[in-house]
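Make the full structure from the sequences, and use the hints.
First residue of the sequence shown: 1, per full-length UniProt numbering; consecutive thereafter.
If you're looking for bench data, these hints aren't it; they were derived computationally from the structure.
Cβ atoms here follow ideal geometry from the backbone N, Cα and C, with glycine treated the same way.
The reader is advised that the hints may include incorrect statements.
[Said to hold, decoys possible] Result set (DSSO-like, lysine-lysine): computed pairs, CA atoms no more than 27 Å apart in a straight line:
#1 LYS573 x LYS563
#2 LYS559 x LYS591
#3 LYS249 x LYS311
#4 LYS210 x LYS249
#5 LYS390 x LYS367
#6 LYS363 x LYS390
#7 LYS479 x LYS443
#8 LYS358 x LYS551
#9 LYS558 x LYS548
#10 LYS104 x LYS173
#11 LYS433 x LYS546
#12 LYS563 x LYS592
#13 LYS390 x LYS339
#14 LYS318 x LYS277
#15 LYS266 x LYS210
#16 LYS390 x LYS551
#17 LYS40 x LYS66
#18 LYS549 x LYS563
[Stated by the list, open to error] Pairwise CB distance ranges (calculated):
#19 LYS539 x GLU206: 31 to 39 Å
#20 LYS104 x ASP346: 48 to 56 Å
#21 LYS104 x GLU76: 19 to 27 Å
#22 ASN89 x ASP346: 32 to 40 Å
#23 THR451 x GLN426: 20 to 28 Å
#24 LYS553 x ARG354: 21 to 29 Å
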Amino acid sequence: MAPPTLSSLLKQLDVHSSQNEHVDVETTCIALLDGGCTNKTQVLKNLLVSLIKQDKYQRAFNQLNKYKDDKVDLNEMIMEIGYIYYKINRFEDFERLGIYERVKDNVNKDSLERGLSHLYAQYALKNSNTNSRAYELYRSLIKTNNSGGLDNPIELACNERVPLASNPHLQEKLPLVSESNPDSYDLLFNDSMILTSRGQYLDAIELLEKSLQMAIEEDYENDIFAIQLQLSYVYQLLGENGKCKEILKPLINRISADNPLYLIAKINYMALRDLSKYEDNFNLILRELNFERIHSLVSKYFTYPQNVLLKRNYQMLKLYSKSTSKPNSNSFNYVNVSKLYGAIIDDIIYEPFRTQAKILYHKCLEKKNEFYTNSLVFGLLILTIQMLYKEKQYENAIRLCEIYLSQDKFLTNNRLSIFIYYIIFQLYDITDKDYMKEQLLNKLMDNCKLTDYNLWRYIGFQYLNLDQIGKAKKIFLEKMENNENDALIQSVINEEQFDIDKAASLVSDVDVGRLIQLNIKPFESIVDKSKSNLNKHNKILKHKLKTKKEKRKAQKLKKFLAKRSDSINLNNKPDPERWLPLRDRSTYKPKKKQLSKQTQGGTMNKKSEQTFDITKKGTNNNKKKSKSKGKSKGKGKK
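If you want it as structure tokens, here you go:
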């Protein structure tokens, strides 16, 4: 842990002196409000500012509710109220203030509106599942007039890049307004994070090493720690765990324990261990990581994606430590679904996946009527489909998807239904159910009111895969608007002749290696596909029959050897008569039933010879014949 410096101690003294001033302001404002002052709006605003300066956000919220009335103009203190709601995580109240609607289209922003834009952008980064609004607001702040010097251009450029670190695709529609500055290690650091999110790890390392060297020269300790932590993370993504450990181990010793970076560094270092769900003590790991401390810092320092990842990791460790509780609500999220998973499966560690898939499948069938109404049950459905897919039980997975889609009678824009459509199309492709796939595509085309651009695009290309170009064109023309910029769709609509150069340009940015890793197969024509499927099924059937015969043969041999293992003596010589037929051997003993039914082709005993000797049976046979002739005399022709 780093020792306190003189500058940090002096800063603490300065904070203590200013804290006393804020306490005095708080006391005075409360006295004025209780005494019935005339300028109540301004006094309440000063009270909120003094409490914010003391980091007493919950007390500020209570005082606001206590003193606000018809005489108070809340619009005059919207900045302070919004900041209080933001700090105590009252997100619904924050949204009701209408800050985004107020600032999003305002070109000429004054100091208040610039401050509100910063506030909402921070809220969007930390507490929303989308950071596109934060990106738009920072672009707007850079574009608008900053003649008063209210914002630092470098800081604005850094803030503009923060949303791209978790969602780099935003830059495809809205390019960066600010340019990168090679003399600013902050900008280089943020640019490296964008490259990391795109998977360009080597380029990211190059920028990180440059920014680290610049930060060391300027001696900004906390920035040095942040850059080193990011550098170790990129090495970890590359699989170079040795270099990652070389950075993390001394970093953990240098950072103070109350620094949020210390907790992240410790978590990343723990992630380098090859944890085993059978051997490791997950309760001990939870204690080492100190997640209670992390939860207290989540809303203050971490962005929304970081918050989600931390909660997922924590819940995963809780799941394997067998200390999960029941879901707190019916909302569909990773934490609640994993809790439900732990409640359904008694022992997720030792229970085989095949058994787990069977249990989850039957649980889903029990709750099938709640697929569409209960979002937590929908989460269970997704988990079950994933487990069935892992065990290659595709038919059961398809059945669950079809049950869910049968409940979506109106084919609405429900994002969960759209998610299921993508899944079931993939399952149809895996199982070669082209007929079922075409039926669903036709149903969507004729009755669906969906407006999702990406789904219609996917459906159109599925029709192309089925060699139904007419229906694909109909979708591209009628169901999809604003497709002029989509080169692939335009090439289909315009019936362009094949051009190798244009085809190469269309797929120039496709990562072929990544597609191969994901086991994505190219399109093939229906004729070729049917032939290949027939050959494939024949080969599979032959292979199954062959393996079945081999198994039977092995089982018979095993039983044969087991029966004769005790009686086999290796010292005995083989039977010299083993080449003769069984009945011709000297050791042959016929069964009692066969003694009276002897036939030619083998040795006979004396009793059998007497039975078949016709020389001694003449008199008896003649008598029988005469008797039979006498009886039949009366039945002759007259």
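Range hint 20 to 28 Å: satisfied by the CB atoms of THR451 and GLN426? About 22 Å separates the Cβ atoms of THR451 and GLN426, which means 20 to 28 Å holds.
Would the pair LYS563 and LYS592 pass a check requiring their Cα atoms to be no farther apart than 27 Å? Roughly 25 Å separates the two Cα atoms, so the pair holds.
Within 27 Å, alpha carbon to alpha carbon, are LYS390 and LYS551? holds, 26 Å
LYS363 and LYS390: Cα distance at most 27 Å? Holds. LYS363 to LYS390 sits at ~18 Å (cutoff 27 Å).
Assess, step by step, whether the Cα of LYS210 is no farther than 27 Å from the Cα of LYS249, and give holds or violated. holds, 21 Å
Holds or violated: LYS433 and LYS546, Cα atoms, limit 27 Å. Within the cut-off at roughly 26 Å; holds.
Restraint check for LYS390 with LYS339, where alpha carbons must lie at most 27 Å apart: holds, 20 Å
Is 21 to 29 Å right for how far apart the beta carbons of LYS553 and ARG354 are? Hint holds: Cβ distance 26 Å, inside 21 to 29 Å.
Are the Cα atoms of LYS318 and LYS277 separated by 27 Å or less? holds, 12 Å
Take the C-alpha atoms of LYS573 and LYS563, compute the straight-line distance between them, and say whether it is at most 27 Å. Cα-Cα ~20 Å, so holds.
So does LYS104 sit 48 to 56 Å from ASP346, Cβ to Cβ? holds, 51 Å
For the pair supplied as a hint, LYS266 and LYS210, confirm whether the alpha-carbon distance does not exceed 27 Å. OK: LYS266 and LYS210 at ~25 Å, within 27 Å.
Comparing the model with each numbered hint stated earlier shows that hint 19 is the single one that does not hold.
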